[in-house]
Amino acid sequence: MLMDIFANLAFGLSIAVTPTSLLFLMIGAFVGMIVGLFPGFGPAAGIAVLIPMTLGLEPTVAIIMLAGIYYGSMYGGTITSILINTPGESATVASTLDGYPLAQKGRAGPALVMQAIASFIGGTIGVVLITALAPLLAEFAASFGPSEYFLIITLGLLLLTTMMGDNKFKGLISALIGFAIGTVGVDVMSGQQRYTFGSPELIGGVYFVAVAIGLFGIGELLHCIYNGLHLRPAKKLRLSFKSKEFWPTRFDYIESRFTFFRGSIIGFVAGVLPGSGATLGSIIGYSVEKKLARDPENFGKGEMRGLVAPETANNAASAGAMVPLLSLGIPGSGATAVLLGAFMMWGLQPGPLLIVNDPGFVWGLVASMYLGNVILVALSIFAIPLFVKFLDIPYRLVVPVIVLLCVIGAFAIHASIIETWILFLAGVLGFAMKLYGYSPAATVLALVLGGMAEETFLQSLIISNGTLYVFIERPVSLTLLCILIAVAVVPMCLALRRRLRRTQAQE
Amino acid sequence: MKKWFSLGLVGLSSAYLAYGLQTLDILDFSGRPGAGYFPLIIGGLMLLATAINAVLDFREARLGEMHPLQLDPSTEGTAELMGVDAHSLDGRRRFPRDVLIILALLSGFIFLLPVLGALAAMIVLMLAYLFTFNQAELLTNVLYALALPAFLYWLFSIMLNASLPVGPLRF
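First to last, the protein sequences are chains A and B.
Under the numbering used here, the first residue of the first sequence is numbered 395, with each subsequent residue one higher.
Under the numbering used here, the first residue of the second sequence is numbered 9, with each subsequent residue one higher.
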């Protein structure tokens, strides 16, 4: 098995180590760091907005660049968490807790270097685990029939919505909206037009890129403006890495040596599970580290382990999220859903056969993630003063860049003005969804997977002559169905028990 | 607004289901699931879910428990880690008027794209935006309004060979 892993990686490196791939990997990593720097503009938005820029590229190079944006944003997001106590994105929220106090103590330099090293270790351990696990999972999933696929898609969406805290119900509605948008166009089974209202532009369906750019790009932009980000003055920060104090001490490394590995494993597991992802991974990583520490009272006051744990976790989680994406074709988050859409746009067929049919693409992408982590750790340490300069740009001057990229990008894909109007409507919907607690990520996930869900569901019914027994006949589908029911029912029972206890206590 | 948004979703779900029932075949001629089978399930579930959601939102609003807005993930994450209610951390002003201005500019831009062509429409949008939100820096605004569209036009139209809308001036 170990030999297979090395052989696959060597093959992947032969694809990823070309001047073009390396150039676009660097561009992706650099852009990802910038995307991570700006609060409210997450990796899903970054990837969606920049998909049109990959139009002229070869598919593997395009996906390498987009994946670079995805994990690069995890590195960039922490810089603002440490320096200005503002997480660039939700996965770096936990990093503010000890990152900012470290900066206040005059240890911004060591904190930035340690976060880069932690991100590198987390990302690299995550990629090693992808290399080992993805082929195994794909091999197992190769025996799946349509019923198992339908249940996996449903489970993925259910997990994503149940992770939404108090807004589970709104998450479910968001997913159903995605499915509904996905039904527009010609039905592949019968050839009948659905919800096209006679418009020839809608026969091919609502294209996911315009919806994703609208929901994530325009929606998040409007949300930031609503919160007044465009009126806040830019923070002028100066940082020099020439002084001795810029670098971490030996004690920092010794103290964090086990944290690097614990955070990575926790983050990876959280990333593999659909719906939990980097945000939850980093929060769990931080909480576990604090619980295990002999001095938990130091956490929140500038403790290096409190920064290392969430940083390793969020980067390992972003790698972990690639496992179900590459081996099952099932994304677990908004960002990986957009990546999956990009796979489809480039004619790749996601699923367990992707590794068999397109080994060059899969292993090239995995190898590029190793290289990407090396590039990012170098960028994170040596280009920090440059990235700090980006924080000098006031958000009000960033707004037109995002608007123009979104609109011109949405138009450029099919030269369709209808798609730019769809982008506009999706932007308004995305803004309202963010405002009132719905999940744009669940909508995009359902939109991307809607066609596959319908196809596998109908195939299952046809195989079983219209009965639902097909979902309990095979051991794998029965197990998946039991998990599905447990995921749906257990939280309801727990909530009911909590409510009963509260009522009893009040009496 | 939150409860009206919920109600709007109920309306859209009803319209989706009703239109599907009217125009699509649930089963095909051989009795197998037809084009309307899956949309019927989705529409039915959507109507049920949005109706329950609207009832819950209206009840919350009546009891005065409703937090009118969902907070951004950073505030929510920080609150979760601190073990406090996220809304207690939030005391920011909101800017709905600016959102409406951006939406007006955005729709105007999309409307002007096929009329003026990509480059001219981008310049018009930039000037309109910058002279609304960045009034103090006139020279910067003009330079920025020319440089960014020119760069994006070069990138998409020349480097990526994408077909952008052409106006009366042929660009």
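Derived by calculation from the structure, the hints in this document are not laboratory data.
One should not assume that every hint holds.
For each label pair, taking beta carbons as the anchor points, the in silico distance ranges come out as [unchecked claim]:
#1 158(B) <-> 870(A): 52 to 60 Å
#2 119(B) <-> 580(A): 41 to 49 Å
#3 862(A) <-> 72(B): 38 to 46 Å
#4 809(A) <-> 34(B): 34 to 42 Å
#5 56(B) <-> 880(A): 18 to 26 Å
#6 163(B) <-> 884(A): 30 to 38 Å
#7 163(B) <-> 594(A): 23 to 31 Å
#8 883(A) <-> 159(B): 52 to 60 Å
#9 119(B) <-> 881(A): 42 to 50 Å
#10 119(B) <-> 858(A): 48 to 56 Å
#11 809(A) <-> 33(B): 39 to 47 Å
Using N, Cα and C, we set each Cβ at its ideal position, and we do this for glycine too.
Now the hints, each set against the structure:
no. : hint                          : verdict
1   : 158(B) <-> 870(A): 52 to 60 Å : 56 Å, holds
2   : 119(B) <-> 580(A): 41 to 49 Å : 29 Å, violated
3   : 862(A) <-> 72(B): 38 to 46 Å  : 44 Å, holds
4   : 809(A) <-> 34(B): 34 to 42 Å  : 37 Å, holds
5   : 56(B) <-> 880(A): 18 to 26 Å  : 22 Å, holds
6   : 163(B) <-> 884(A): 30 to 38 Å : 50 Å, violated
7   : 163(B) <-> 594(A): 23 to 31 Å : 30 Å, holds
8   : 883(A) <-> 159(B): 52 to 60 Å : 54 Å, holds
9   : 119(B) <-> 881(A): 42 to 50 Å : 46 Å, holds
10  : 119(B) <-> 858(A): 48 to 56 Å : 51 Å, holds
11  : 809(A) <-> 33(B): 39 to 47 Å  : 34 Å, violated
Consistency with the previously given hints fails for numbers 2, 6 and 11, ordered from lowest to highest.
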